[in-house]
Amino acid sequence: MRNPQLNGDGSLQHLLTIEGLPREVLLHVLETAASFMGVTEREVKKVPLLRGKSVFNLFFEPSTRTRTTFEIAAKRLSADVINLNIAASSSTKGETLLDTVDNLSAMHADMFVVRHSSSGAAHLIASHVAPHVHVINAGDGRHAHPTQGLLDVYTIRHYKKDFAGLSVAIVGDVLHSRVARSLIHALTTLGTPDVRVIGPRTLLPSGVEQLGVSVHHDMREGLAGCDVVVTLRLQNERMKGPLLPSAQEFFKSYGLTPAKLALAKPDAIVMHPGPMNRGIEIDSSVADGPRSVILPQVTFGIAVRMAVMSILAGN
Amino acid sequence: MKLPDAEALCRELAGKLRAGVTDSTGLVGIRTGGAWLAERLHRELGLATPLGTLDISFYRDDFASVGLHRQVKPSQVPFDVNDRHIVVVDDVLYTGRTVRAAMNELFDYGRPGKIELAALVDRGERQLPIAAQYVGAALSVPAGKLLRLERDERGHFTLRLSDAKSAA
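Just so you know, the sequences run in chain order A and B.
Numbers in the numbering used here are just positions in the first sequence, counted from 1, shifted up by 1099.
Numbers in the numbering used here are just positions in the second sequence, counted from 1, shifted up by 159.
Rather than coming from a laboratory, the hints here were simulated on the basis of the structure.
Warning: the hint list may mix true and false statements.
Stated by the list, open to error - Computed beta-carbon distance windows for the label pairs:
#1 B:A223 with A:D1198: 27 to 35 Å
#2 A:K1260 with B:K304: 39 to 47 Å
#3 B:R270 with A:I1181: 40 to 48 Å
#4 B:S224 with A:A1205: 51 to 59 Å
#5 A:M1375 with B:R229: 51 to 59 Å
#6 B:R285 with A:H1231: 30 to 38 Å
As the list claims (entries may be wrong) - Subject to a maximum C-alpha distance of 27 Å in a straight line, what follows is the list of computed DSSO-like cross-link-like pairs (lysine-lysine):
#7 A:K1152 with B:K232
#8 B:K161 with B:K232
#9 A:K1174 with B:K232
#10 B:K304 with A:K1259
#11 A:K1144 with B:K304
#12 A:K1174 with A:K1145
#13 B:K273 with A:K1144
Every residue gets a Cβ at the ideal spot worked out from N, C-alpha and C, and that includes glycine.
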């Protein structure tokens, strides 16, 4: 089956999910992002690639970091950026998703950045828009958050250079996490030999092994000797019914403390997609400690989003 | 057609450039051929200011039709460009569009005092009002052909002519 994200010539038309994307496409994004890192250190932090283009940030779900970094990325590419907080707009008046998109397309949108609580929302928009319009999924339900997955592998590559020989542990609420899914696909596509997920049975999706990861319920076993620890946010707002005894109970077993981090390699890095629940999935002394690369992740995220937008706009 | 010896042209260009540069001159090569050439000139002239390299992919005027280059590398300008004498170096000067893109990029680092241009070969056919102050040789090349510098593993330069379609 044809990948709906790719053009006839195999180049990226939309970025909807990392699943099924060729390794070369991921590497092209990472290499391009590295060049944009240099741009952000100059006196003028802008390049003219998207001059005259309009990027619509379509957020049906609240977000600060992702929306802001997409906005900065688009502005550094010289695009005009329009932010729509739909949660507080037309959809509450009954307009359908595709009617909203049609109206914005009539305002000459060139690119949509979409965040939605329903899995598949960005796919739906991508299959609906005109051929010259590009769609980036900025998080759809539990499904995918591809630019987060890309910035995570960018971060890992920055600190660890190569994916061959790496052990990466993803800890916590994998069940509700689109970040975890996108990261797992990115890591396996880039040839990471050892990807582990660690969490209680109730917060790991059934069949997660089929993604090419090993499953652990014990932190001591899961963290042993790993190079990268990715802690996930406990997504209370997505939980229906009791999946956990309590947040305190979760922290005791799965919260990343200095003692648990000591099980990983001495030079292991700690990542978190944000926003953090301090004292639930991660201890403050780890989040603010010397092994934490949580804030560099945010900075890298701008360059990665610039890379994705400029690659899409040029295809 | 017979192409001139790139090594001889490089010596010629270095000789001409020697009279125009000082220790504070910033040499900036345009990736890929111009960067190799600038590296060589920088070493032969013994310039004190560190060498700069530009990848003009983010400034190309044909982005809308050809998209982003497959292999973008970071630009590096390891000196303050403000008020500085800068010599932009490229292997082949042709339409002038690459040089325009390079100048636009340089201005995003600051306001240079003076920009000059050095090219190994000037093949004419300019589409913009741009001229080189230092040229190895002028050469007439049929339209539709791509002329570029190549460097082998020993660092030896040769000029190569190919059909534009097969080039990157």
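Hint check:
1. B:A223 with A:D1198: 27 to 35 Å: holds, 30 Å
2. A:K1260 with B:K304: 39 to 47 Å: holds, 40 Å
3. B:R270 with A:I1181: 40 to 48 Å: Since R270 (chain B) and I1181 (chain A) have Cβ atoms about 32 Å apart, the given range 40 to 48 Å is violated.
4. B:S224 with A:A1205: 51 to 59 Å: violated, 25 Å
5. A:M1375 with B:R229: 51 to 59 Å: Violated: the Cβ-Cβ distance is about 37 Å, outside 51 to 59 Å.
6. B:R285 with A:H1231: 30 to 38 Å: Holds, at about 32 Å.
7. A:K1152 with B:K232: holds, 24 Å
8. B:K161 with B:K232: violated, 33 Å
9. A:K1174 with B:K232: Cα-Cα ~21 Å, so holds.
10. B:K304 with A:K1259: Judged against 27 Å, a Cα distance of about 43 Å means the pair is violated.
11. A:K1144 with B:K304: violated, 36 Å
12. A:K1174 with A:K1145: The given pair, whose Cα atoms are some 7 Å apart, holds under the 27 Å limit.
13. B:K273 with A:K1144: holds, 22 Å
The structure does not agree with the numbered hints 3, 4, 5, 8, 10 and 11 stated previously, though it agrees with the rest.
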